[in-house]
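Asker: Protein chains in written order, with numbering that gives the first Met the number 0: chain A, 0 to 122; chain B, 0 to 122.
Since the hints were derived computationally from the structure, they do not count as laboratory data. As the structure is a prediction and not an experimental result, all values here were calculated from the model. There could be a bad hint or two in this list.
If several chains are the same, the list does not tell them apart, and a pair holds so long as it fits within one copy or across any two.
Claimed, not checked - Once the Cα atoms are required to be at most 27 Å apart in a straight line, the calculated DSSO-like pairs of lysine-lysine come out as:
#1 Lys21 x Lys96
#2 Lys112 x Lys96
#3 Lys29 x Lys96
#4 Lys21 x Lys95
#5 Lys96 x Lys41
#6 Lys95 x Lys41
2 protein chains.
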Amino acid sequence: MRIYEDGDIFIEREASEIPWVKIFTHEPYKELTDAPADIRAKLWRVYEITEKEMLEYYSPKKINMASFGNYLPHLHIHVMARFEDDSFFPEPMWGKKQRESILELPSFEEFAKRLYERLTKEL
Amino acid sequence: MRIYEDGDIFIEREASEIPWVKIFTHEPYKELTDAPADIRAKLWRVYEITEKEMLEYYSPKKINMASFGNYLPHLHIHVMARFEDDSFFPEPMWGKKQRESILELPSFEEFAKRLYERLTKEL
Numbered sequence: 000m001r002i003y004e005d006g007d008i009f010i011e012r013e014a015s016e017i018p019w020v021k022i023f024t025h026e027p028y029k030e031l032t033d034a035p036a037d038i039r040a041k042l043w044r045v046y047e048i049t050e051k052e053m054l055e056y057y058s059p060k061k062i063n064m065a066s067f068g069n070y071l072p073h074l075h076i077h078v079m080a081r082f083e084d085d086s087f088f089p090e091p092m093w094g095k096k097q098r099e100s101i102l103e104l105p106s107f108e109e110f111a112k113r114l115y116e117r118l119t120k121e122l
Numbered sequence: 000m001r002i003y004e005d006g007d008i009f010i011e012r013e014a015s016e017i018p019w020v021k022i023f024t025h026e027p028y029k030e031l032t033d034a035p036a037d038i039r040a041k042l043w044r045v046y047e048i049t050e051k052e053m054l055e056y057y058s059p060k061k062i063n064m065a066s067f068g069n070y071l072p073h074l075h076i077h078v079m080a081r082f083e084d085d086s087f088f089p090e091p092m093w094g095k096k097q098r099e100s101i102l103e104l105p106s107f108e109e110f111a112k113r114l115y116e117r118l119t120k121e122l
């Protein structure tokens, strides 16, 4: 599911129990500092808008952010909304599972729509 | 071990087999977007300088970056140099251990010294 796209970046949903999106650059840069300054600035700006919308829409316990690319060295930033009763909290989503969890969250489709509108307006 | 410090941020080493540092803001902001714009810009700049020095000094397979704060909600960014034969690669450092590994790496103290000098010069 592609949530947003422009000439520099695109945003996709990661299948998960939690709200989780990945911000990719179109160019397959390996490291963040391989990207030119304007693309890096754009990525941070998109990250910040995404975090803000997640905070406002979901009121999560915490936002988590990560950029690994060990399997696929194509620059992307993970943005995750974490909840005290999600399956892994307080461990990272890559850590040890803490419990069986069924989260009741507002619609992701509505979040995606709001994020799209906000990015379109603020970028 | 405190590697660098100024009025906005400080950098500490994380005890690990891999080169791993954490960039903290002095103010205990919870989320990245809780920090004012100048501190956010500073954090990204410090992140980028740290990544560049890690790449040049260690020639790792990949840089990994993360910001969680689920246990301690005090804004900090993890910067990790990853190697194909480290204990977790290609999993994140929070993932499933892949092998027993003994890495032979250049001195961390020398890396810390170079990072300090670079930050002092470029900031």
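Asker: Next step is simple, just say for each hint if it's right about the structure.
Answerer: Hint check results:
1. Proximity of Lys21 and Lys96 under a CA criterion of 27 Å is satisfied in both settings, with 21 Å inside one chain copy and 24 Å between copies.
2. For a Cα distance limit of 27 Å, the shortest separation of Lys112 from Lys96 qualifies neither inside one copy, at 30 Å, nor across copies, at 38 Å.
3. With identical chains, the CA atoms of Lys29 and Lys96 are at most 27 Å apart between copies only, with a shortest distance of 24 Å across copies and 29 Å within one.
4. Taking identical chains as interchangeable, the C-alpha atoms of Lys21 and Lys95 lie at most 27 Å apart whether they share a chain (21 Å) or sit on different chains (22 Å).
5. In this homomeric assembly, Lys96 and Lys41 never come within 27 Å of each other (Cα to Cα): the closest approach is 34 Å inside a single copy and 34 Å across copies.
6. For the identical chains of this complex, Lys95 and Lys41 are neighbours neither inside a copy (33 Å) nor across copies (33 Å), given an alpha-carbon limit of 27 Å.
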